[in-house]
Amino acid sequence: MHDRFLWASRQRRDLQAKAIPEWEELREIASKIKEHTLTHLDRYLEEFECNATKRGAHVHWARDAAEHNEIVLSILQAHGVEELIESKSMLQEECGMTHYLESRGISVVESDLGERIQQLDGQPPSHIIAPAIHKTRQDVARLFARTIGTDPNNDDPHFLTEAMRNNARPRFLAAGAGMTGGNFAIAETGTFMVCTNEGNADIGAAVPRLHIASIGIEKTIPRVQDMGVFLRLLTRSALGEPATQYSSHFTGPRKGGELHIVLVDNGRSRRLGMADFWHSLKCIRCSACMNTCPVYRRSGGLAYGATYSGPIGVILDPTIDEYKYSELPFHSTLCGSCSDVCPVKIDISDQILKWRRVMAEKSYLRLAKRLSFAVAGHIFAHPEEFHAVEKTSGPALDYTPHFFLYNRSLNPWGRDRELPEMAKQTFREWYVANRGKEDVEQ
Amino acid sequence: MSNSSREQILSSIRANLPPKRVEHPPIPVFRRSDVDLKSSFERHLEEAGGAAHEIRKPAGGRGKIGGAPSKSPGDLFGRSRDSRDATRRDDSRSTRTRRCRCRCGARTVWSCRKRGGPAYAGGFDSERPGILSQHLVVFLDPVEIVADMHEGYTRVRLDQTAYGCFMMGPSATGDIEATMVHGAQGARSLNVFFLPRNGEV
Amino acid sequence: MSNSGDQANAAAAERLFVDIFKEYDYIIGPAGSCVKQVRCHFDTMDQTDDVKHVREHTYELVEFLHDVLEIESFPWAEFPHPVVIHNSCSSVRGLGLAKPSEIMGTPFNKTEALLSKVKGLVLVPLDRPDECCGFGGTFCVTDEAVSARMGFDKIQDQLRHGAEYVVSPDMSCLMHQQGVARRAEIGLKYVHVAQVLNGGPY
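Protein chains in written order, with this note's numbering: chain X, 1 to 442; chain P, 1 to 201; chain V, 1 to 202.
Honestly, the hints are just simulated from the structure, not real lab data.
It should be emphasised that the depicted structure is a prediction, and the values quoted were computed from it without experimental measurement.
Mixed in with the good hints, there may be bad ones.
To be verified - For the chain X half of the interface with chain V, some residues (derived, Cβ under 7 Å), not all of them:
1) PHE5
2) ALA17
3) TRP23
4) GLU24
5) ARG298
6) HIS331
7) SER337
8) ASP340
9) VAL341
10) LYS345
11) ARG356
12) MET359
13) ALA360
14) ASP416
15) ARG417
16) GLU418
Where a beta carbon is used, it is the ideal one built from N, C-alpha and C, also for glycine.
Use the sequences and the hints to build the structure in full.
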């Protein structure tokens with residue numbers, strides 16, 4: 001089911017892309033805008049800060065997750081906020097902000113339906129755009145019955161969504177502050193943009209007097225005119241729709257309100273210096289790579305055990321903790337589809353291979369793999385040994401007992417597959433016999 | 001202190017900037033096909049769950065808003081002045097409606113069916129609480145419909161308003177089993193009335 | 001090994017390959033994944049003239065027949081069966097043998113172009129024409145469950161469209177799919193494109 005839903009997103013994405021003759025050109029332009037911005041990042045961040053401040057926003061800088069959380073806490077405490085309503089933000093998830101604030105007496109309520117479902121269930125989001133896509137409607141019905149008192153037998157998504165709407169509205173009104181992330185930060189005007197389908201960012205930003213936005217430094221783009229390119233690519237890539245229902249632009253606080261922007265580094269500037277991996281900073285968090293990834297679709301996001309999952313997670317997470325995430329780059333077949341759908345042309349598949357090289361060099365590969373590769377490396381480098389193995393393995397397979405060949409621990413291949421039948425002759429033997437010895441190289 | 005955090009982050013960036021600088025690419029004007037922008041816009045809006053209507057005079061809007069009691073745009077405008085009060089009441093059963101004038105609409109071509117894109121409503125400065133309305137009514141002069149988002153962005157001045165939104169349709173979500181549901185958090189309906197600027201109430 | 005990042009152990013084999021084939025004008029490999037390795041990933045060793053020559057002159061069989069020899073017919077071949085092409089990831093995204101379905105542009109498929117010249121052969125489509133089948137080198141044993149699932153889904157797609165034979169330029173993919181099919185007791189037959197274009201043996 002997870003596979004079917006996300007494949008459907010991929011198909012809708014293809015249809016949308018096909019309808020735009022300049023699609024591949026747009027990808028190239030978006031990629032170059034991001035590369036330009038990142039190679040001039042300091043300048044554009046200063047410009048953004050200057051313009052946002054001119055319009056009345058307070059701009060803060062956080063070196064890491066801890067500092068981000070401290071800054072947010074101090075703003076909330078200064079305003080006496082006890083309950084905060086928040087719109088979906090992967091960055092806030094990355095910083096562990098919710099747990100930090102709740103353990104210090106501030107209640108955090110998710111406003112996005114998928115995020116709220118996960119929050120009520122005590123789980124992190126499993127997909128960037130659709131955090132609860134791995135749950136069935138029955139799962140959600142049972143969860144809502146348990147947590148907000150609805151009828152457990154009513155699993156109609158319309159009913160469940162309405163129930164959440166009615167549950168959330170009073171909380172929007174009661175919240176002392178609203179928090180959002182930011183999809184893009186436009187340097188030219190000091191504007192940041194949030195794209196939602198529910199309009200929850202708009203409510204969260206407009207109703208409480210205090211609005212705090214957490215934005216990763218890599219979200220910066222130079223000019224308003226650049227936004228056209230990204231908006232045309234973002235939702236088509238993510239959901240296969242021309243745009244989200246709401247593409248909201250915030251420039252300075254509203255009348256009578258207060259706006260705080262927290263620009264967050266948390267390893268991004270360090271990643272900028274990684275020659276092989278800095279292109280991952282171009283990411284606009286669309287999730288097209290997840291929707292196309294045959295491994296992700298069959299595993300689900302929670303299987304990755306990290307804030308960022310799917311192909312983008314595989315190349316991002318090792319920059320956060322190389323050892324902890326040393327296995328992630330191997331959960332891929334290197335099929336390359338992710339690189340092809342990425343709207344900003346991140347070379348995701350190539351980076352996955354490069355991470356494998358890093359892991360191998362640092363001896364993070366499992367012992368069994370290292371040993372078998374050492375043996376294989378030796379055999380492939382010595383033709384006489386290779387031929388010897390060729391000659392003996394065929395007959396050996398014929399004589400090896402079935403239970404040994406298909407032992408589930410010793411031979412994972414055999415768990416769900418039959419072993420191939422070995423040909424009676426190797427190609428070399430056939431060639432020598434049929435084409436003559438003089439053609440064969442000594 | 002935040003000042004030194006700022007300096008540390010900027011220094012870290014400068015120390016890590018990739019050696020090869022990349023120039024900003026030019027953004028071409030993309031060739032448009034000869035398409036009726038207005039009907040494109042209408043069709044796209046409908047696909048996103050909204051609705052478009054023609055009116056000759058403001059009073060002609062009576063009875064056209066789905067799911068709400070018949071009201072003329074004039075009445076609606078009157079009501080929106082009370083929107084700040086409305087948000088303090090439990091408005092889950094009321095049909096408070098917010099009305100606004102749109103800066104421009106952008107059409108977006110989609111496959112073999114032409115679609116309209118988002119309508120930009122700016123200037124919510126003093127009336128943002130209206131965002132909690134159950135229904136949203138937008139007035140749009142059809143001559144202001146543009147072909148794509150590139151053009152759309154040339155028509156708006158982001159630095160002149162605290163909040164501006166490109167809207168495709170009413171609030172929606174597909175978070176439960178990818179089933180599309182309208183009226184998730186924000187407006188349950190989005191109704192666009194084509195009204196030339198000089199027909200304003 | 002190289003695909004798993006173990007360049008240290010792969011290096012000697014890569015050097016041997018260059019040594020053996022450096023004198024040849026055309027080096028043909030009937031395996032998309034192997035040729036992709038040479039052309040795209042022999043990049044960690046010193047790029048001497050010999051290495052560059054070998055990388056630039058290694059071709060996969062289909063692309064050699066299609067682009068270099070420009071073969072127009074296979075008069076010795078006949079294959080009157082419904083056939084589905086397995087478009088392997090290496091051949092499509094690594095070597096450009098076909099337009100990937102997720103890239104926008106004019107569709108083309110070199111394997112299809114060659115097979116359409118074989119008498120009697122009927123090509124059938126797939127719902128997911130170039131989704132990975134799950135082989136992925138050592139992935140098939142390290143992530144065995146997901147790999148098998150991917151293989152099984154691929155086979156179901158092939159069955160749904162009435163294929164009798166699955167033909168591909170990539171033996172490793174065929175071996176994986178065949179293994180899954182036989183375990184599931186599904187009678188699809190898996191053959192390499194060279195066998196079909198050559199008129200056998202099967």
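Hint check:
1. At its closest, the beta carbon of X:PHE5 sits 15 Å from a beta carbon of chain V; the interface hint therefore is violated under the 7 Å criterion.
2. The beta carbon of X:ALA17 is positioned within 7 Å of a beta carbon in chain V (closest approach about 5 Å), and the interface hint is therefore held.
3. With a least beta-carbon distance of about 5 Å to chain V, the hint placing X:TRP23 at the interface is held under the 7 Å criterion.
4. A cut of 7 Å between beta carbons decides the hint on X:GLU24: the least distance to chain V is about 5 Å, and the hint holds.
5. At a threshold of 7 Å, the smallest CB-CB gap from X:ARG298 to chain V is about 5 Å, leaving the interface hint in force.
6. Annotation: interface hint on X:HIS331 holds; nearest CB of chain V at approximately 6 Å, less than 7 Å.
7. Checking X:SER337 against chain V: minimum C-beta separation of about 6 Å stays under 7 Å; hint holds.
8. Among the interface hints, the one on X:ASP340 holds; its C-beta lies about 5 Å from the nearest C-beta in chain V, closer than the 7 Å criterion.
9. Of the supplied interface hints, the one on X:VAL341 holds, with its beta-carbon coming within about 5 Å of a beta-carbon of chain V, less than 7 Å.
10. Below 7 Å, beta-carbon pairs count as interface contacts, and X:LYS345 has none with chain V, the closest being about 11 Å; its hint is therefore violated.
11. At its closest, the beta carbon of X:ARG356 sits 3 Å from a beta carbon of chain V; the interface hint therefore holds under the 7 Å criterion.
12. Given the 7 Å rule on beta carbons, the hint for X:MET359 holds: about 6 Å separates it from the nearest Cβ of chain V.
13. With its C-beta approaching chain V no nearer than about 4 Å, X:ALA360 sits inside the 7 Å limit, and its interface hint holds.
14. Interface hint at X:ASP416: satisfied, since its Cβ lies 4 Å from the closest Cβ of chain V, which is below the 7 Å cut-off.
15. A distance limit of 7 Å between C-beta atoms decides the matter here; for X:ARG417 the minimum to chain V is near 3 Å, and the interface restraint holds.
16. For X:GLU418, the suggested interface contact is upheld, since its CB lies about 4 Å from the closest CB of chain V, less than 7 Å.
Figure legend: structure checked against the earlier numbered hints; hints not met, in rising order: 1 and 10.
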